[in-house]
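Chains as they are written, first to last, in this note's numbering: chain A, 114 to 294; chain B, 137 to 509.
FYI, nobody ran anything at the bench for these hints, they're computed from the structure. Glycine included, each C-beta is placed from N, C-alpha and C at the ideal position. Errors might be hidden in some of the hints.
[To be verified] Covered stretches of chain A, going by a simulated chain B footprint (3 or more residues, C-beta under 8 Å): (1) 146 to 158; (2) 211 to 222; (3) 247 to 258.
[What the hints assert, rightly or not] Cβ-Cβ distance ranges computed for the label pairs, FRET-style: (4) A:Arg201 x B:Pro378: 54 to 60 Å; (5) B:Pro432 x A:Lys142: 50 to 56 Å; (6) A:Thr260 x B:Gly358: 52 to 58 Å; (7) B:Pro423 x A:Lys142: 34 to 40 Å; (8) B:Pro432 x A:Thr188: 47 to 53 Å.
Letter by letter, the chains look like this.
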Amino acid sequence: MSWWDKILAFIPLELVQGLGVTGKYLFRKKVTVQYPEQRLEPKDRFRGMFGFSEERCIVCHNCAKACPIDIIHITDHFEESVVDGKKRKKKVLDRYDIDVKRCMFCGLCEEACPTKPVAIWLTTKTYETAAYERNERLYFDKVRLQTWDGVLPFPGVKAPAEGGMPEDPKAEKKAAGGEGA
Amino acid sequence: MERTHLKAFADAEEMEISFGPQHPSTHGVLRLMVKVDGERILDVKPIIGYLHRGTEKLFERETYNGCIPHTDRMDYTAAVTNNQGLVGAVERLMGITIPPRAAYLRMILAELQRLASHLVWLATHALDIGAQTPYFYCFEERDKILDLFEEYCGARLTTNCMRVGGMPFDLTPGWTDRCRAFIEQFPAKVSDWERLLTKNRIWRERTVGVGVISAADAIEWGLTGPPLRGSGVRWDIRKVFPYDRYDEVEFDVPIGTNGDTYDRYLVRMEEMRQSVRIIRQCLERLPDGPVMAKVPKIIKPPKGEVYFSVEAPKGELGYYLVSEGGDTPYRLHVRPACFINLQALPEMVRGQLVADLVAVIGTLDIVLGEIDR
Numbered sequence: 114m115s116w117w118d119k120i121l122a123f124i125p126l127e128l129v130q131g132l133g134v135t136g137k138y139l140f141r142k143k144v145t146v147q148y149p150e151q152r153l154e155p156k157d158r159f160r161g162m163f164g165f166s167e168e169r170c171i172v173c174h175n176c177a178k179a180c181p182i183d184i185i186h187i188t189d190h191f192e193e194s195v196v197d198g199k200k201r202k203k204k205v206l207d208r209y210d211i212d213v214k215r216c217m218f219c220g221l222c223e224e225a226c227p228t229k230p231v232a233i234w235l236t237t238k239t240y241e242t243a244a245y246e247r248n249e250r251l252y253f254d255k256v257r258l259q260t261w262d263g264v265l266p267f268p269g270v271k272a273p274a275e276g277g278m279p280e281d282p283k284a285e286k287k288a289a290g291g292e293g294a
Numbered sequence: 137m138e139r140t141h142l143k144a145f146a147d148a149e150e151m152e153i154s155f156g157p158q159h160p161s162t163h164g165v166l167r168l169m170v171k172v173d174g175e176r177i178l179d180v181k182p183i184i185g186y187l188h189r190g191t192e193k194l195f196e197r198e199t200y201n202g203c204i205p206h207t208d209r210m211d212y213t214a215a216v217t218n219n220q221g222l223v224g225a226v227e228r229l230m231g232i233t234i235p236p237r238a239a240y241l242r243m244i245l246a247e248l249q250r251l252a253s254h255l256v257w258l259a260t261h262a263l264d265i266g267a268q269t270p271y272f273y274c275f276e277e278r279d280k281i282l283d284l285f286e287e288y289c290g291a292r293l294t295t296n297c298m299r300v301g302g303m304p305f306d307l308t309p310g311w312t313d314r315c316r317a318f319i320e321q322f323p324a325k326v327s328d329w330e331r332l333l334t335k336n337r338i339w340r341e342r343t344v345g346v347g348v349i350s351a352a353d354a355i356e357w358g359l360t361g362p363p364l365r366g367s368g369v370r371w372d373i374r375k376v377f378p379y380d381r382y383d384e385v386e387f388d389v390p391i392g393t394n395g396d397t398y399d400r401y402l403v404r405m406e407e408m409r410q411s412v413r414i415i416r417q418c419l420e421r422l423p424d425g426p427v428m429a430k431v432p433k434i435i436k437p438p439k440g441e442v443y444f445s446v447e448a449p450k451g452e453l454g455y456y457l458v459s460e461g462g463d464t465p466y467r468l469h470v471r472p473a474c475f476i477n478l479q480a481l482p483e484m485v486r487g488q489l490v491a492d493l494v495a496v497i498g499t500l501d502i503v504l505g506e507i508d509r
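Chain B on its own, in the form it takes in the complex (with noise of 0.2 Å):
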């Protein structure tokens, strides 16, 4: 879009604003520097690297299990699927098949874990559009969640809940009963939700028709997860590249028309009911048996280098493992899905208000964990 049709002004001036990184909206500690004339945006430039701890370097000098406790700390609202990722790979490398309980589990951990990320989306995105209410309706319902991760691994936020070769313990006792009857009551608490936010005018003037970005260039900008769905695009890697039993579970993956923030919003909040769709499946069929599989006590992966794909809940999230035959990781890269998300959020607000850049900051679900690693 020329510049000379955003002046609202013949006399308005260019002028560059810092937004961020203290500012609450910007969910984490990301900069922006914008540059806006008047209300309308011209330009952004996300600067990251605040919340930088050297993670993938930090790999280096670890274990492979040693690694786990720090993949938490990248996402750290969705701590599970980043575990799962991590041994996925080494799994892959190693060909380690897991006992068919322990893949079960993980499945149900990470879908928990979606419903956990998703919800914390929900209720920040909302808060910062203007809408109150569901972020205490929204943290209720993940308490619950946080809960039931507790119980069973004894952490709510940083889990370390995997291990190569499937999962250190067990269930407790009665904890499916609790998963149930949470995820009994849960469809109903969305439907709430989307009773308060659907319809109402305001949430739609602030989402219909903001942020949008074609399925074309979605794809060209590489983004994953519901960014990419909401325009339409059908990816998921539980369906494409099917890991764990996720091609025993029936469940559809919700795709969007527009490509604005409002077509996210509806992906996500469909995703959540195919979560506990996935969830009470894998209930159903859970397997007796071990959990853990023959592993090694020091584990050595061999000479050879693999990329392994979990669908976190905000996107694609890989691990490129390239091993020495030691028992530390020669490199270890993460492909973060938020990082590449973020990449679009110039193409998105361009030319949009500045209001609308907390919208769309919110509805790509950042976190600068990820981001800077």
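In isolation and in its complexed conformation, chain A is listed as follows (with noise of 0.2 Å):
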């Protein structure tokens, strides 16, 4: 080590170059978001708080056989009706219910929904999902479901209120093909 390397090891020199860095970063455009009072959107795909659409569900179980932590749970029964002078078996919900709080997000059900749109879907771009009491405030039932405070409709689908039908060849032709044969 010569007499001037001695010298410079004195000289906190890359601890200076350091500081530029934190310097250049000093002044510029603040990244952070305060959250509560600024809110980012989230993506389109953003999987949150779920909706549902009973209208659309065609009670297939699919999304249940999916779950992989089995937290919907889905009982039905067959209602017989004269449509046209003729014999119909359907299957009506009797319960579409959510254990929201043990739910980790997956997607899976949504996937698996064979109804276009599907009838359970995740991009409400709901995340603030907090509650003082989990049991009863995250334990959805198909009513709450489908009516909870910021339930927005799968996009590009509009409300049953605003004239919107849904549009689901598969269940049609799942009823008229004869559900109990």
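Using the supplied hints, reconstruct the complex from the two chains, each of which is provided in its own coordinate frame.
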């Protein structure tokens, strides 16, 4: 080590270099978001709180089978009705419950749903699901799944109240094609 | 090393202290029983299991696609590579070839995940050693990666973004442009952090010569990933057993020479640059076409067993899958990188100071979710 290196070793040049970096960052635009006041909009595919449409649901139980932790509980019964003089059997939902407090928002139920557009979806862009009483507030039955505050229709689908009809060819086909056969 | 050498004072007594599981520098719920003589560490015994969730047992009751969300939660800073290993194992057993677009998508996402994981490592490692500034810069960059993940698959951390046979959905319009914009500005950020740390005398004092492990020892302990490459062994699953399309892209495997904490730091910084290089090539070549191969709706691999491993950010992540022909795995064993890297911890810290223990835990880049599973 030469005498020049020895002198240099006393001068913390690399610390000054580091300060230069922090100085550069100091005068940049801030990237932090002050959360409760400012909110970021989740992306379109963001998986959040559930939305459910009972009209589109064909009670096929695919979502309950796809759920890795079995938190979707479905019970149904057959209902006979007479349409155009023909007897028809149709599956009717009794219960459609989701135990949201245990949900891990993997989205496999949405993928398994055969209707088009899907009858259960997680793209409601709602992520604030905190509650004081988890067993009551985070257990959703089929009524609450459709009416909770902020539930959004599936993208591109009008709510029935606005005159939109759920286009669901499979459900009609199934209902017409003799469910009981 | 003989213990008598380590006695700083003749009348000093050996003491056993419990370090963790709530200590912030243990990166989770790792508990260490540290036998110290004053400031010197005589021995360390890791005690694990505080985050045990029985994931391997859970796999046995899930369908193959239902296993994927569970793998997200093993190494929760690198969910994409966890998914990649599992679907790769099932695909190899079933003999499925995934479409080229799906393979390239997997590589892009996996390399982005490697960047994100290394950023968490750099942030927390530097914070442990006392450099607080990189933490904020790293997490800002990581957030941009997570935004890309959110846009692609809908989740930021537990991505669940792969399925057996390909990818569940295609990219959103404009995703590649945003990804390219991100990786173009990224190498400059890496240079910024290196300017903060690489020559910094405090950083060098805390890392050079700390936690040394020789190449022979590293191989004997079964280390993989940056801890192995830091010791000078050029071993990378992406090179030696290429999966997806890693044989079609060009990248270097950086290695260290001394096997100390500083070399592992240099290796990981260079790996980030190489990841950017891989992503850039993948984006250029990204072919059009389907993202999902033709697979049956209910996945039933034939009877047999397979071992498939990927290069996760922390090291070799392997899945040993035994199938009885049903729709659930008979046994799915995970070879986690962190669990095996952690075993070398006592070897690396013996004879060092207590403060170095924190540096060595940081440099091993452990995630307790993967160790305990």
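Structure-based check of each hint:
Using a Cβ-Cβ cut-off of 8 Å, 4 residues of the region 146 to 158 of chain A lie near chain B, which meets the minimum of three, so the contact claim holds. With a threshold of 8 Å between beta carbons, the proposed coverage of the region 211 to 222 of chain A by chain B holds, since 5 of its residues qualify and at least three are required. Coverage of a stretch by a chain is defined here by at least three residues with a beta carbon nearer than 8 Å to that chain's beta carbons; for the region 247 to 258 of chain A and chain B the count is 0, and the condition is violated. Checked against the given bound of 54 to 60 Å, the beta carbons of A:Arg201 and B:Pro378, roughly 57 Å apart, stay inside it.
Under the hint 50 to 56 Å, the C-beta atoms of B:Pro432 and A:Lys142, about 51 Å apart, fit the expected range. One distance hint, 52 to 58 Å for the beta-carbon pair A:Thr260 and B:Gly358, holds here, with the actual separation near 55 Å. Range check, B:Pro423 to A:Lys142: about 37 Å between beta-carbon atoms, so the 34 to 40 Å window is met. Between B:Pro432 and A:Thr188 the beta carbon distance is about 29 Å. The supplied range of 47 to 53 Å is therefore violated.
Of the numbered hints stated above, those contradicted by the structure are hints 3, 8, listed in ascending order.
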